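Peer 1: Let chain Y serve as the given structure and place chain F on it in line with the hints.
For reference, the chains in residue letters:
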Amino acid sequence: GQQVMQIPQYQHVQEGEDFTTYCNSSTTLSNIQWYKQRPGGHPVFLIQLVKSGEVKKQKRLTFQFGEAKKNSSLHITATQTTDVGTYFCQGGSEKLVFGKGTKLTVNP
Amino acid sequence: NAGVMQNPRHLVRRRGQEARLRCSPMKGHSHVYWYRQLPEEGLKFMVYLQKENIIDESGMPKERFSAEFPKEGPSILRIQQVVRGDSAAYFCASSPPGRSYNEQFFGPGTRLTVL
Chain Y
1 GQQVMQIPQY
11 QHVQEGEDFT
21 TYCNSSTTLS
31 NIQWYKQRPG
41 GHPVFLIQLV
51 KSGEVKKQKR
61 LTFQFGEAKK
71 NSSLHITATQ
81 TTDVGTYFCQ
91 GGSEKLVFGK
101 GTKLTVNP
Chain F
1001 NAGVMQNPRH
1011 LVRRRGQEAR
1021 LRCSPMKGHS
1031 HVYWYRQLPE
1041 EGLKFMVYLQ
1051 KENIIDESGM
1061 PKERFSAEFP
1071 KEGPSILRIQ
1081 QVVRGDSAAY
1091 FCASSPPGRS
1101 YNEQFFGPGT
1111 RLTVL
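Respectively, the protein sequence lines represent chains Y and F. Counting from 1, one number per residue, gives the positions in the first sequence under the numbering used here. Counting from 1001, one number per residue, gives the positions in the second sequence under the numbering used here.
One should not assume that every hint holds.
PhoX-like mimics (lysine-lysine), calculated; alpha carbons at most 25 Å apart, straight line [to be verified]:
(1) K95/Y / K1051/F
(2) K51/Y / K100/Y
(3) K1062/F / K100/Y
(4) K36/Y / K95/Y
(5) K103/Y / K36/Y
(6) K103/Y / K70/Y
(7) K56/Y / K36/Y
(8) K57/Y / K70/Y
(9) K100/Y / K1044/F
(10) K103/Y / K57/Y
(11) K103/Y / K56/Y
(12) K1027/F / K36/Y
(13) K1044/F / K36/Y
(14) K95/Y / K1062/F
(15) K1027/F / K1071/F
(16) K1044/F / K95/Y
(17) K95/Y / K51/Y
(18) K70/Y / K36/Y
(19) K70/Y / K100/Y
(20) K1027/F / K95/Y
(21) K1044/F / K70/Y
(22) K1044/F / K1062/F
(23) K36/Y / K59/Y
(24) K103/Y / K1044/F
(25) K36/Y / K57/Y
(26) K36/Y / K51/Y
(27) K95/Y / K56/Y
(28) K1071/F / K1051/F
(29) K56/Y / K70/Y
(30) K100/Y / K57/Y
Hint data in this document are derived by calculation from the structure and do not stem from the laboratory. In this text, all values refer to a predicted model and were calculated from it rather than measured experimentally.
Excised from the complex, chain Y in its bound form (with noise of 0.2 Å):
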């Protein structure tokens, strides 16, 4: 069946220092979601990816869908103590999968 690969499992960073987390799948998505989900809270919709290559960006957000729509990423530039929590990707073909997310640590 789908799977969802989520690397890295923790991520552990100096403020001020970039993150990024990668999101593979076994097989072709139609689109892929990223949430972030703060210690004790809940998923948050971060954004949707639809097309082959796209890049968007959030202020220091930017997120990329890859060319064969089977890996996206997410990075953020110099991060901040607001930035801690887990993030997920998750991918939609026939179902929706969700990776088993990154968690971010940041040190001030």
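Peer 2: Showing chain F alone in chain Y's frame:
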């Protein structure tokens, strides 16, 4: 426009009791999804429902668990004869009609503790 609402936010049950978790989707949303999340783990899909229909229950245990989304009222996730392993956060998400495989909006979750 209120977001997805879940209640109760916290639920404590003893082994063998029943747990009922409620989810009211966002206004105008007709798709509801239930997920389970263990501490420090990802979101495990359980069931996908539309009004009065179960679309996909492939992630839900065959025994003790059931879900419904009636024509009127909230979606209910019901766990019978709870065991300690059922302790987890249960999240409900909703999406608009005609967009079943798109972004989902999550409720605050119900934290279930089984003693």
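Peer 1: Check the structure against each numbered hint from earlier and tell me which ones fail, lowest number first.
Peer 2: none
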